[in-house]
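J.: The primary structure of each chain is shown beneath.
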Amino acid sequence: MWFFRSPEIVYGKEALSYLEQLHGRHAFIVTDATLVERGFLERICRHLRRAGMAVTVFADVEPEPSLETVRRGAQAMEAHQPDWIIGLGGGSCLDAAKAMWVLYERPDLDPDAISPLAPLGLRQKARLICIPTTAGTGSEATWAIVLTDRSAQRKLGLGSPEVLPDIAIVDPVLTQDLPPALTAATGMDALTHAIEGFTSTWANPFSDALCVHAARLILAHLPRAVHHGGRDPEAREAMAVAAAMAGLGFGNSMAALAHALGHSAGAVFKVHHGRIVGLFLPYTIEFTAYHGEGRYQALARSLNLPAQDDPTAARTLAATVRRLAEDIGEPSSLQALGIARSALEENLERLCDLVDVDPTVVTARRVPHREEVRRLFLYAYEGRPVDF
Amino acid sequence: MAYPFPSDAWVQALKEAINTSQAYREAAKTWEGDFFFVIEPDDTTTLDKPVTLYMDLWHGECRDAYVVADPASHRQPEFVISAPYAVWRQVVTGELDPIKAMMTRQLKLQGNLMKIMRSVKAAHELVRCCTMVPTEFPDQPTTS
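From first to last, the protein sequence lines are chains D and V. If you read the first sequence in this note's numbering, its first letter stands for residue 1, the second for the next number, and so on. If you read the second sequence in this note's numbering, its first letter stands for residue 1001, the second for the next number, and so on.
Just so you know, the hints here were simulated from the structure itself, not pulled from any lab data. We put the beta carbon where it would ideally sit given N, CA and C, even for glycine. There's no promise every hint is true.
Counterexamples of contact, computed for chain V against chain D with all Cβ distances above 10 Å [to be verified]:
#	residue
1	D1008
2	A1023
3	F1035
4	Y1054
5	H1074
6	T1135
Under the rule of at most 20 Å between Cα atoms (straight-line distance), these lysine to any residue pairs were calculated in the SDA-like manner [to be verified]:
#	chain 1	residue 1	chain 2	residue 2
7	V	K1115	D	G159
8	V	K1108	V	D1042
9	V	K1029	D	E371
10	D	K125	D	V55
11	D	K13	D	R38
12	V	K1100	D	P116
13	D	K270	D	E371
14	V	K1108	D	L117
15	D	K155	V	D1042
16	V	K1100	D	E371
17	D	K155	V	K1108
18	V	K1100	D	F4
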């Protein structure tokens, strides 16, 4: 028994105008200062006012949002009593909106208690719309929330099926002018979702279909989106759709080892989520090469890559990911990220501890022992293909 | 030799498998918590009443394990996981991921859910230990 869950997805040009069709009285937008400056917020507000709604804005979400920010946002919601919550931004804003919404509905809860096993009873006060302004996290289509517990210096991977947005609005106009580096890092996030969503132990026929097509779109369009930017609207639109599709895919299966290592290193070294999970992806594919149970071969075949057997397919996929990363200027090792070897060594045990408690580690087809986790970090530091 | 599930001999064999597993010791090194595993009869088994297994898991080790004769008079453990026999059979043989089974409410959990979610690797290794115990299942004979 398993489930497939999806928000209503409104996508394509002018998708934002769908906001005018909403029924409600008060929308609360969760976003960040950059998006206010870029003028997107005003555009969204215009649509909402045309729908007859009052609008309140919380524009204080920081990258890798903290528990403190989430609590502040929920308090602001409580003061305004909105009936629509709108997350506008990259993964940080969308995840913050989800968590604030939960606390607005359930002020008795600790954010730590947002779990897939506990009924939350949401949608008594408001419903949730997520509008991504990057093409990467897929958060608009998942029930995952990643927050940062600054005091414990760790990422909190939370989630509940109830947190899945009611509506995702994927309008490519919002990603048209993303800078190349952000396009690249978020695109690697989407690719990691597509590949891990397909190869995780919880993969299923629904997630397979979405992940395969997302991976095809990303491999074909991410370099164009990075190198041509807004001059290639077709690539931008394909990436926007692919990111949502990959989110929907892995959101219904699970991520795996690249996410476990990425969450850990991202928390310790403060690296962009997409960049760090994308960096670990080829290493974790190689680590799992002999344990893929045919998944790498199936994926590689679907992508028209050489795939005479599973290990070969895994290595081909890893090489494809590395070539793509190089093409779009993404780092291929922790060293290339500017992390000092001494910093890695000092933090190695902490990094391994964080991997041990990351929920995505168990949906990997090969679950590493601690010594193997240590070696994975060291190989990824040096940029050595994994041979153990 | 295969041990009948769920029995005292089976849970003792599991205890031994856990205590000789380096992988479990490492994955569960910070785990503190004891369990009732409640196996409820269903139409796939010859079991005629619920069986409760007790396990005390502590810092990568199983300190105690036995069949509970009278759960009502036993000290309440930190976690109680119950399910019909058919679900347990799949979990014990590694066919069904216990976390996935909890998410679909096939395994019903009482206790701090987040504590379990933070120890998924330990849960994974625990299931691996279960699969290493040679097991005889009291399945209902199939009719054709």
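J.: Of the numbered hints stated earlier in the document, which are not met by this structure?
T.: The structure conflicts with hints 2, 13, 15, 16, 17, although it agrees with all the remaining ones.
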